[in-house]
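With chain F's structure known, arrange chain Y on it following the hints.
Protein chains: 2
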Amino acid sequence: MTDPTLDPALRSWVESANGHPDFPIQNLPLGVFSPPGGAPRAGVAIGEMVLDLAAAGLALPAPLNAFLAEGAAARRALRARVSALLAHGATPHPEWLHAQREVTLHLPAQIGDYTDFYAGIHHAVAAGKLFRPDNPLLPNYKHLPVGYHGRASSIVPSGAPVRRPNGQRAGAEGPSFGPAQRLDYELELGVFIGPGNALGEPIPIASAAAHIAGFCLLNDWSARDIQAWEYQPLGPFLGKSFATTISPWIVTPEALAPFRIPQAPRPEGDPRPLPYLWDEADQAAGALALELEVWLLTPGMRAAGLAPHRVAASDARHLYFTPAQMVAHHTSNGCNLRPGDLLGTGTISGPERAAYGSLLESTAGGREPLRLPGGETRAFLEDGDEVVLTARARREGFVPIGFGPCAGVVLPAA
Amino acid sequence: MTDPTLDPALRSWVESANGHPDFPIQNLPLGVFSPPGGAPRAGVAIGEMVLDLAAAGLALPAPLNAFLAEGAAARRALRARVSALLAHGATPHPEWLHAQREVTLHLPAQIGDYTDFYAGIHHAVAAGKLFRPDNPLLPNYKHLPVGYHGRASSIVPSGAPVRRPNGQRAGAEGPSFGPAQRLDYELELGVFIGPGNALGEPIPIASAAAHIAGFCLLNDWSARDIQAWEYQPLGPFLGKSFATTISPWIVTPEALAPFRIPQAPRPEGDPRPLPYLWDEADQAAGALALELEVWLLTPGMRAAGLAPHRVAASDARHLYFTPAQMVAHHTSNGCNLRPGDLLGTGTISGPERAAYGSLLESTAGGREPLRLPGGETRAFLEDGDEVVLTARARREGFVPIGFGPCAGVVLPAA
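For the protein sequence lines, the chains are F and Y, in the order given. With this note's numbering, the residue at position 387 of the first sequence is 387, and numbering never jumps. With this note's numbering, the residue at position 392 of the second sequence is 392, and numbering never jumps.
The shape of chain F in the complex, shown without the other chains (with noise of 0.2 Å):
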């Protein structure tokens, strides 16, 4: 143990934060929030509650983006802070704090690009397997993190409704357009830059990590019959940039410190990845031991007082490349990454049904229905349902955490 910031004895002066599933004080992780009839400000997530970094002298530019671009070191100082500020034994100053539930939470960065990857290797195959029948996975696919440009506009935090999208799809007769009958999510993480780089200076892969401010979680809302016909030449676009939700704190690379694993070995045959994108270190403990969970509330459920069913349940291990391997490859060709940009994983599900991350994956295709506690089914999402995406990292010896919620209800289309 030599960051005593992460000490499992540790306990806060803040009830509710000893024993909280996300955010006990080992986690500490940084977001954006406004008070009943206040402007935006940083916070921390502690337990049920938020810390008011202005509040207790620590201010922060809200949104993060300027602190995010300070680095490993900013960051370890203002955790180290923060977390003597809330230690039990410390003086207690409810006047800091703010209920979680009473708050706005705002994305915690300004966005300035979104790029989205595909680095799931079970859901590139699953998916593969439904759009491309005789050739599931590319010959690129274990050569790189294949990717490409999401759209920032859309992007919302947890809690925003998501209006289902009308779209083009096509037809027997020709194509129609009108509301996606195909909506569905997708299970990924998304992993904000801290410092940039410049135009034409690649960030090499031994120090790819020094550029991840931190961690959340990222549902890629999918509309399977508006990609199905949209996306060929040149990929996904409308079927996509409706919405992107992602949960609002930033986990930081310093919490998860415990919970780094050694990148899963490539299947005997695999290829090893060309030098720029090979690193030992990296492959050591670049990886992340996360469970990943699905949730699906449907308005019959809520109706019938039952609880949200869980579809799936997923690891960040299935991951085949790391996330430092797709900042290296990302910058490989010069292109810069600004502080507060967010890099999608891709859906991250595992080998067997219960483990995929997209319903595209586990009703394959929609022709084998989920079955939902009071009886209904789902192909796919039906307005008024609600997906919510967890994680939980644990190891023994450490205290659990969490990511909080990321969460959206479908509204029906315009």
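Derived by calculation from the structure, the hints in this document are not laboratory data. For glycine and all other residues, C-beta sits at the position ideal for the given N, C-alpha and C. Worth double-checking, as some hints may not be accurate.
Unchecked claim - Across the chosen pairs, the derived CB separations fall in these ranges:
#, chain 1, residue 1, chain 2, residue 2, range
1, F, 375, Y, 139, 36 to 42 Å
2, Y, 289, F, 161, 42 to 48 Å
3, F, 139, Y, 411, 27 to 33 Å
Showing chain Y alone in chain F's frame:
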């Protein structure tokens, strides 16, 4: 002649404006510049000069996003004021002016999101043949303006050098990493968004034009070898994201009003777009008569004292979809556009080789190199090559206007 600012008899006390091929007083495009040692500020190009709007008592924010958000009424009011201040007969104020060659030109807006379309049908056919010989134009092409999200961070103003990207390319013995060997330009128009739309609220085709703040030239630099290996299934990524160059002046819809033409009728047998993409007024006057050219100057030509060589002459009328159709389609799923967002039209090629807007097309994928004055040839771009795009609008009875150059020199790979 309803708009007096377009009167062909109108002349300016800025002598270089009278007869200027790009920036006569009938143009008055908006930009952001820094005078030597000064901070960025808003300006208007006039002849060889830039009018400092603040000096003239007409300060605008720089970047221009908040002004673009105000829409046509604000643009028209500014245009009338600037036209009156710069007209022959008004009191000359040379102290309001800076020589363009002495200032630094910046991006005119902070570009939140950049979307690149593919609406040049001759390009789509010619390029499609090279990537997919059996299937150049995919089934969706004529039904919707195919597009994808581009990278906003690496958009640079004319004059910024462009570093040749390194990247991963396929090879007989597996992929390798190194400098792109097939570096190309793409001749496009850029479309700046003015007033935005709220997430979830599409912009109908009939009001789409009101959301366009103006136009620029756009060079969608492309590394064909990187692109060919990476682009399936999610589209172009690092083959494009190393740089996109735009001309730094926003040429307004008001200045381009005389050069509006009907959208070319679709060839017999082509489908009529669905109603959300069809507006009679847009079909009647939504296209632009704009001559577009690509010029190339190699280090060898420069050393020999040769002038840039025109390698392509095309026209904006070759776009298969109008800018308004792009806006309507982009927002049809509820995706929000923000003021200052940029759309690229896609490469605007004509039907014959002399009008091809990329080397991929005009050299048949590199197999038939261009012959240049002085005896050099080019299959793709070499280090030190300078590419300059130009645009000029002409119509009988009106003063022609241009966009200014969209130029970049290729630097060697890092």
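_Violated constraints from the hint list, given by number and in increasing order_ = As far as the earlier hints go, not one is violated by this structure.
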